[in-house]
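**Q** Sequence:
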Amino acid sequence: MDVARVVIDAISDLLTAGLAPIPALARYGLPYSLFDLGGALRLAFVLRQIRDTELAKARGLQEKLKTDESPHVREIEEPYIVKDLVTVLMVIYGGELVCSPWLQFTPSFLTAPAYPLLFMGAQAVINLLPSVPPMSIYTELPLSFFDALTRAFLLTAGTPGFILKHASPAIRSSPWALMVSSLVLANAGFFFVNVFQMLSPYGWHIKTPPEFLPGGWRTIDLWVAPLMTGAYAFFTQAQPVWVPYHTYTVTRIGTPSMFGSIVYSELTEDIDLSPEPKVSFVKPMAEADARSVCVLVLAALFAYRAIANFGAEWIKVASARTKRKRVIRSKHDGKRLSKDNIKINHKSG
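For the sequence shown, UniProt numbering gives the first residue as 1, with consecutive numbering after it.
It is worth saying that the hints were derived from the structure and are not from the lab. No experiment lies behind these values; they were computed from the predicted model shown. Relax, there's no trap hidden among the hints.
Quick list of simulated restraints, FRET-style, between CB atoms:
| hint | residue 1 | residue 2 | range |
| --- | --- | --- | --- |
| 1 | Asn127 | Ala231 | 35 to 43 Å |
| 2 | Pro134 | Ser173 | 42 to 50 Å |
| 3 | Tyr80 | Lys207 | 15 to 23 Å |
| 4 | Pro130 | Val241 | 48 to 56 Å |
| 5 | Pro79 | Ala170 | 41 to 49 Å |
| 6 | Asn127 | Val241 | 40 to 48 Å |
| 7 | Arg74 | Tyr245 | 48 to 56 Å |
| 8 | Leu34 | Lys57 | 33 to 41 Å |
Ideal Cβ placement from N, Cα and C applies to all residues, glycine included.
The task is simple: from the sequences and hints, build the whole structure.
**A** Structural data, given as structure tokens:
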């Protein structure tokens with residue numbers, strides 16, 4: 001069996017199992033899946049990591065300024081659980097707050113209270129921990145695949161639904177509306193958190209977000225949202241505009257059959273031409289397969305992000321271990337010998 005087919009099917013099965021409601025919780029009317037629980041804890045963990053890192057930096061700077069007897073010592077605001085709960089809700093629902101008036105839909109937190117309670121509960125649980133490990137290659141790289149699974153579902157099932165099921169035909173068929181809404185829905189929450197510095201130890205204040213600073217456009221989370229949503233729409237022919245491009249790709253470039261199957265019309269025979277099948281149309285890729293391809297791409301991108309952000313620390317530790325292994329000393333009767341002494345002893349022996 002084709003290796004690519006096996007991998008795609010395995011990821012599809014993993015998504016199906018991870019997104020299925022947990023029976024023990026569904027019995028009590030809680031529609032949570034394993035990915036819901038894992039994603040909520042993962043987000044709360046990341047916010048706690050960022051908050052603790054910023055707090056450690058602020059305390060270090062405060063001690064330095066006090067030692068130098070500087071009059072410009074900023075006061076660190078006391079942590080409070082309510083601020084943390086509002087922050088996690090802003091990350092999750094900030095995009096819906098922006099898009100709901102323009103796309104005319106009701107924000108999901110008004111109709112599904114179970115999920116806001118889940119994210120707030122996860123944040124409260126993580127806050128009870130005495131400490132969490134800081135972000136490093138050892139935490140981010142192993143979790144890159146899980147992040148890809150949860151993000152792929154958001155960008156291929158959650159976000160496109162607001163556009164593809166819209167009442168207006170102009171919006172429903174617009175690829176621009178699809179990708180812009182994906183960009184906003186996926187990133188507006190963290191954008192507002194950064195604008196208002198909601199994770200700052202000095203309290204909330206307005207500051208230019210990192211996305212608008214030099215080099216901010218290279219942020220993977222920023223542009224990966226429209227990219228993956230557009231790729232999903234391309235492979236599944238979710239909108240009419242994608243059909244000719246997908247058809248050309250499948251028929252001309254010769255992509256694997258799982259990216260879309262070709263349906264041929266009946267054979268036609270002319271006087272000067274040999275019988276030749278003609279392409280009637282190209283079937284779209286199955287939604288589960290397209291989502292699995294997006295998972296693979298996202299996993300590679302998130303792994304690259306982890307290595308780019310924290311790989312220097314990894315290389316530094318590895319090189320230090322290598323240097324320690326290279327320290328080899330020639331010894332004779334417990335004493336270190338030079339090369340000349342080694343030769344003399346060898347001859348005398």
